Each structure stands twice: as structure tokens, then as C-alpha cells.
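*Asks:* From first to last, the protein sequence lines stand for chains C and P.
Counting from 1, one number per residue, gives the positions in the first sequence under this note's numbering.
Counting from 1, one number per residue, gives the positions in the second sequence under this note's numbering.
Keep in mind the hints are simulated off the structure, nothing from the lab.
Given the structure is predicted, the values throughout are model-derived calculations rather than measurements.
Take these hints with a grain of salt, some might be off.
What the hints assert, rightly or not - Which residues of chain P face chain C? A few of them, derived with a C-beta cut under 10 Å, are:
{"id": "1", "residue": "35"}
{"id": "2", "residue": "64"}
{"id": "3", "residue": "73"}
{"id": "4", "residue": "78"}
Said to hold, decoys possible - Beyond 10 Å from chain C on every Cβ pair, some chain P residues (computed):
{"id": "5", "residue": "40"}
{"id": "6", "residue": "52"}
{"id": "7", "residue": "59"}
{"id": "8", "residue": "66"}
We put the CB at the ideal spot given by N, CA and C, even for glycine.
2 protein chains.
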Amino acid sequence: MATLTIHEAAQTTGWSARMLRYIEQLGLVDSPRSPSGYRLYGPAQLQRLRTLRELLDAHDLELGDVGFALRLRKEPALAGALDEWFEASPRKPVDVPDAEWLAFEQDKHQSLLTRSTA
Amino acid sequence: MATLTIHEAAQTTGWSARMLRYIEQLGLVDSPRSPSGYRLYGPAQLQRLRTLRELLDAHDLELGDVGFALRLRKEPALAGALDEWFEASPRKPVDVPDAEWLAFEQDKHQSLLTRSTA
DNA sequence: ACAGGTCTGACACGCTCCTGGTAAGGTTGG
DNA sequence: CCAACCTTACCAGGAGCGTGTCAGACCTGT
Numbered sequence: 001m002a003t004l005t006i007h008e009a010a011q012t013t014g015w016s017a018r019m020l021r022y023i024e025q026l027g028l029v030d031s032p033r034s035p036s037g038y039r040l041y042g043p044a045q046l047q048r049l050r051t052l053r054e055l056l057d058a059h060d061l062e063l064g065d066v067g068f069a070l071r072l073r074k075e076p077a078l079a080g081a082l083d084e085w086f087e088a089s090p091r092k093p094v095d096v097p098d099a100e101w102l103a104f105e106q107d108k109h110q111s112l113l114t115r116s117t118a
Numbered sequence: 001m002a003t004l005t006i007h008e009a010a011q012t013t014g015w016s017a018r019m020l021r022y023i024e025q026l027g028l029v030d031s032p033r034s035p036s037g038y039r040l041y042g043p044a045q046l047q048r049l050r051t052l053r054e055l056l057d058a059h060d061l062e063l064g065d066v067g068f069a070l071r072l073r074k075e076p077a078l079a080g081a082l083d084e085w086f087e088a089s090p091r092k093p094v095d096v097p098d099a100e101w102l103a104f105e106q107d108k109h110q111s112l113l114t115r116s117t118a
């Protein structure tokens, strides 16, 4: 049988069993389960856990960072909003209706004026 | 003159002066400086600070997250490595030679055996 | 059926992040 | 020259992350 239990998987990957559960909770590597609920780690999962470790070491990342990267793939709206913000000259955000956006644009100068004359 | 000092900018953007310095330190919004070193916030910076706040509120982000997104733009190698990792079906990791991979597959059972007899 | 392995959930500790505050010193404008 | 602002560099305290460990219940192989 090519599937390992969680402690065996921990041994071969260098993570602790605790961390394997945590990694799964972050959505980074989730293993299939046996009928009774045991986690079963196959070659694919082991591979993923190994390369995950390499990834962290190579680029000085933390699990939370990879979790955020995952969130970026799952929420294209978020990725798009960040893209827009990083474009130096920000236009209108995707999900803001024109009226609201214009109000904001006006309000900007408004508040600046009231500030500088206050 | 259309440039504000840090406390004025804090007023109009809703950040604290302390946070404006922190945001600059993260590399998210850095302002030009006066000859003597005072930060000068122009419309472009104020705009950026405003939209930054919207961004955080809209997507439940934190400054560190945006900082990480910035890092992704600055380090294409990092972004590429993450891309690769997220490609779901990883066969052999790019940088692990076949011999090593096979050794691992064998070693797996090996180490489990030696473990249990140790 | 018994030993040992697994499950979830919780508590705890150390560490970093976020944010505020303060101290010591330079700048500016009246 | 003095008040009021700015600068950098620290310390502090609450919140969240990474990790271990324990408890109580369930599963498995001999």
C-alpha cells in the first residue's frame, strides 16, 4: 500500500504531525481520508509537502504567506484589486459603481480644500 | 503649494502619522522629501493612501498582506516558484534528480523500518 | 480485547506584527 | 530666539501566528 499515516508522513517529510494538520487547515495540502477519517498520504501529497518545505526555505516564506498566495488564486477579485492598486495611476475600482466613484473623486478635493482652509 | 506635511496628510487620509511612516517603511507609499528631510504628500500620495484604505476594508486585508503582494511583484522568481507549486499535479520536483527521488521512495520504507526497530 | 495509533478541540508559550507613545535633536516661520 | 513642527530610534502592549501538548473518543491489527 502506498499510503502513509500522518506520523509516517511526518517522518518522511520533516514536518510534525501537528503541522501537517495545520497545513491542511490552511488549505495548502489536504490528504484524502480513510473511511473512518484517518488522513492518508500518498506520493502526491508527500511530494507536495516536500516541495512546500523547499519553497519556504528557498524564498524565506512562511506558511501564512503561501496561504495568502492561495487566497489570491481563489479570489480573482482580490487579485484584480491589488493589480489595480499597484498600477501607479489608479482608475476606478472594479466593483464601485460610477456614481459612487465620482462622489469620492469630488469629495477628495472637497476635503482637501476644507482642510487647507481650516 | 499642494503638498501636505505628515500630520496634515494623516488628517485627510484617516491614517495616523505613525502609520504613514510605517506604510512607507513597507514600501507601499513613499513620499518625496523636502531638502531637509520632511515628508511631502501630494495629491498622488494622498490618492494612493485613500485607495489603500479602501482596498484593505473591501477585502479584509492587512498591510502585511499588501506588503507581500508587493514582494510578489518585485521578486518574479518568488511568484514563479509559487505558480509552480500551485500547479496541482506535481510530478518530480524540478530540481531533484531522478536518482534522489527514487532513493527517497526506497528510503521511505527503509526509514520506517529502522525507526520502528530503533 | 488490548496496545497503540488517529481524530478533533482546546490551552499555552514564544514570536512577530501593528500601533501608539516618547525622547533627543534638526527645521521653520514669526 | 522661541514655539511648533518634523526627523529617527527606541520601548510597550494587544493581537495573531506557529508549534507543542494534552484529553477524550474512536479505529486497527494481532
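*Asks:* If you check each hint against the structure, which ones fail?
*Replies:* 1, 6, 7, 8
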